Amino acid sequence: MEKTKKKKGSKPVELIKAFFGAAMLFCIPGLIITFIAPSFTIRLDRVSQERVDATVVKNILFLVPIFKETAIDLQNPESNARSGGVIREGNRSTGRVVGQAEDEGVLLLHGRSGIPIKVSVSPSSLDKVEEDILSFISESKEPSLRMWTVSNWKSGAFLPGGILLFSLIVFCMAAWSILTGKPLE
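If you count by my numbering, then the sequence shown holds residues 27 to 211, one letter each, in order.
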């Protein structure tokens, strides 16, 4: 039986195919995960000595903005941490404990309009973020402050980061195979 040789394109075309394949390997699960547990960019701008405006941008894939809100004349922020509680077998109150739900942290930024901006912040970072905002409002003379927060470090940063690392390794292996002409083994 005769082996047929698969026709390959030029090396740049094959590299582009490998890049897009690795990008899809990361983007699809990464989009889903970071849509559920997004990151936020909080930017505080000092308009005058008495007024600070806050702009909150919700991001997926760490950097891609999908939603933006602004609080004009920021007042004191509020924070609230909620314990996730236990997960029981069969969703009954008397069932055997099978796990622990994630804790949740929420930062509310109140502007002059009275409608707060809700920012999901990891409970481990919540106090520090609130402290930094309060310090900027009351004590700082800086013109602006920019912070990046994650709603859940495990789901919003480590898991997509691991998927990104895996995709990068796959791309590097494919690129090496294309450039050297040796098949992956």
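Hints were generated in silico from the structure; no laboratory data involved.
For clarity, every value in this text was computed on a predicted model and none was experimentally measured.
Even for Gly, the Cβ is constructed at its ideal location relative to N, Cα and C.
Do not rely on the hints blindly, as some may be mistaken.
[Stated by the list, open to error] DSS-like, lysine-lysine: derived pairs with alpha carbons at most 25 Å apart:
hint	residue 1	residue 2
1	K154	K84
2	K43	K84
3	K94	K84
4	K43	K94
5	K43	K208
6	K180	K94
7	K84	K208
8	K167	K154
9	K180	K144
10	K84	K144
11	K37	K94
12	K167	K180
13	K154	K37
[Said to hold, decoys possible] Label-pair distances were calculated between CB atoms; the ranges are:
hint	residue 1	residue 2	range
14	V196	I58	37 to 47 Å
15	K43	K167	47 to 57 Å
16	V39	V124	30 to 40 Å
To see whether the hints hold, each was checked on the structure:
1. K154 to K84: 19 Å, holds
2. K43 to K84: 30 Å, violated
3. K94 to K84: 6 Å, holds
4. K43 to K94: 34 Å, violated
5. K43 to K208: 17 Å, holds
6. K180 to K94: Holds - the C-alpha atoms of K94 and K180 are around 24 Å apart, at most 25 Å.
7. K84 to K208: 43 Å, violated
8. K167 to K154: 19 Å, holds
9. K180 to K144: Since the Cα atoms of K180 and K144 sit roughly 20 Å apart, the hinted pair holds (cutoff 25 Å).
10. K84 to K144: 10 Å, holds
11. K37 to K94: Given pair K37, K94 is violated - Cα atoms ~41 Å apart, limit 25 Å.
12. K167 to K180: 35 Å, violated
13. K154 to K37: Measuring from Cα to Cα gives roughly 49 Å; hence the hint is violated.
14. V196 to I58: 37 to 47 Å: Roughly 19 Å apart at Cβ, these two residues miss the hinted range, so it is violated.
15. K43 to K167: 47 to 57 Å: 53 Å, holds
16. V39 to V124: 30 to 40 Å: 50 Å, violated
Against the hints set out earlier in the document, violations occur for numbers 2, 4, 7, 11, 12, 13, 14 and 16.
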